[in-house]
Each structure stands twice: as structure tokens, then as C-alpha cells.
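Engineer: Below, each chain spelled out in residue letters.
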Amino acid sequence: DTEVTQTPKHLVMGMTNKKSLKCEQHMGHRAMYWYKQKAKKPPELMFVYSYEKLSINESVPSRFSPECPNSSLLNLHLHALQPEDSALYLCASSQEPGEGYTFGSGTRLTVV
Amino acid sequence: SQQGEEDPQALSIQEGENATMNCSYKTSINNLQWYRQNSGRGLVHLILIRSNEREKHSGRLRVTLDTSKKSSSLLITASRAADTASYFCAPTYIGFKTIFGAGTRLFVKA
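Top line first, the protein sequences correspond to chains A and B.
Quick note: the first sequence, position 95, residue 95 per our numbering, numbers continuous.
Quick note: the second sequence, position 49, residue 1049 per our numbering, numbers continuous.
There's no promise every hint is true.
Partial list, derived from the structure: chain B residues whose beta carbon lies under 10 Å from chain A [as the list claims (entries may be wrong)]:
#: 1; residue: TYR1035
#: 2; residue: LEU1043
#: 3; residue: HIS1045
#: 4; residue: LEU1048
#: 5; residue: ASN1052
#: 6; residue: SER1086
#: 7; residue: LYS1097
#: 8; residue: THR1098
#: 9; residue: ALA1102
#: 10; residue: ARG1105
Just so you know, the hints here were simulated from the structure itself, not pulled from any lab data.
We treat Cβ as the ideally placed atom computed from N, Cα and C, and that holds for glycine.
Extracted from the complex, chain A is given alone in its bound form (with noise of 0.2 Å):
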């Protein structure tokens, strides 16, 4: 298996609404990540863990809150997002860390 899997594919919620995105992969890599792109702009980091560990937090508001619950696994939990939030989110998980990135095809996130 060397795909990065993200469900749901799309995805329409409320402000006040609770949700979460999930990533697996099972290339047994050891570092797995969030990135976050808008139409036409490049990705953006959002999250890093490494060894099942957060190593980076690139100042990324409260309302999304990463977990990696084992090696294989990868969840974004939302809630109370705003409009602005509506985005492509992009899980990618690597050999080692920053090195060689497999991305999933995302989540398209819109918040209404």
C-alpha cells in the first residue's frame, strides 16, 4: 500500500458544528502532516508529528486541533470554524521527517 488515504473527500459544516478529518497510511512512515491550501495558493503548514509526537505547530488557531492516536493514523479535529476556514486540507506522511512527502487528495472543507 503506498497511498495516503483522507476521508471524508468533501465536507460542508456549520460554525457551531464539531467535526474531524482523518489520514492513514500504512507505508509505515514515521513522520505524518497537515497542510492547509486555498484556490491557486501554494500549501501551508499547519502541523508535524514525528514519531507520533506534534513537533510543529505552525501558530494554528485553537479551533483545529491535530491527533495522532497511533503511527498509521492522523485526525484534524474542527470546530467552531469560520468562513474563512473553507479550504483544501492535505495530510501527507514521509519516511523520515521532511524528507519525501506522499500527500493524500485532501479534504474540501467548506464552512458555511
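Starting from the structure of chain A, add chain B where the hints point.
Structural biologist: This is chain B only, laid out in the frame that chain A set:
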């Protein structure tokens, strides 16, 4: 911000021609990676060059790195219509922060 810059922002060429994209970054890096993205969706890793390397090849791709100028270039030779995509350079800084540049949109005309 550690985001680097890429030029050109957009490039339109004929099939069979070569495409060159340039990237500049801000501070010392561990490595520099290049990615391709089709239709604003999945990103695909193309090639990684380490800070102690100067040039690397992979198929029709050639990457150079000049750490003294803090710059890199990606050359795609004999381009094909299927190469039409956005290309991002992504330097990895100390602490394993990989920050994507603004990207170059390449359009290859058949």
C-alpha cells in the same frame, strides 16, 4: 515568512521544448524538494536534492541547487502535454519545516 519565491509565475511552451523553473529561499536548508500538482488536487513528489548536492537527475528532470545563492532550478526536458501542472519548490528548513513556494504554472501545448 520562510516562503521562497518562484519564477516565472506562469510558463507556456510547445510540446518537445524544455521548461525551466527557478526557486529562491531564505535561510539554510536541509534539502529542497520539487512537487507537481494537477488540477488543484493531489501533490506528487518529483525529486529531492540535499544541501550538500549540486545537481540531481531523474528521468526527464534535472534539478540544481546553489546554496551560496540560496536558489534552485528545475529543468523538464522534451516536455509533453501531460506535464501541464503547477510545480512547487519546497525547501526543508532546520526542524523539518517544509515550506512550499508560490509555484509555477506550466502549460504545455500539444
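Engineer: Give a verdict on every hint.
Structural biologist: Hints versus structure:
Checking TYR1035/B against chain A: minimum C-beta separation of about 8 Å stays under 10 Å; hint holds. The closest approach between the C-beta of LEU1043/B and any C-beta of chain A is roughly 4 Å, which is under the 10 Å cut-off, so the hint is satisfied. With 10 Å as the threshold, the beta carbon of HIS1045/B comes within range of chain A, its nearest partner Cβ sitting at about 5 Å, so the hint holds. At a threshold of 10 Å, the smallest CB-CB gap from LEU1048/B to chain A is about 5 Å, leaving the interface hint in force.
Look at ASN1052/B: its Cβ only gets to about 14 Å from chain A, farther than 10 Å, so that hint breaks. Of the supplied interface hints, the one on SER1086/B holds, with its beta-carbon coming within about 9 Å of a beta-carbon of chain A, less than 10 Å. Because the closest C-beta pair between LYS1097/B and chain A is about 6 Å apart, less than 10 Å, the hint holds. Restraint check, THR1098/B versus chain A: the minimum CB separation of about 6 Å is within 10 Å; hint holds.
A hinted interface residue such as ALA1102/B counts as satisfied when its beta carbon comes closer than 10 Å to some beta carbon of chain A; here the least separation is about 6 Å, so the hint holds. Restraint check, ARG1105/B versus chain A: the minimum CB separation of about 9 Å is within 10 Å; hint holds.
Of the numbered hints listed earlier, the single one contradicted by the structure is hint 5.
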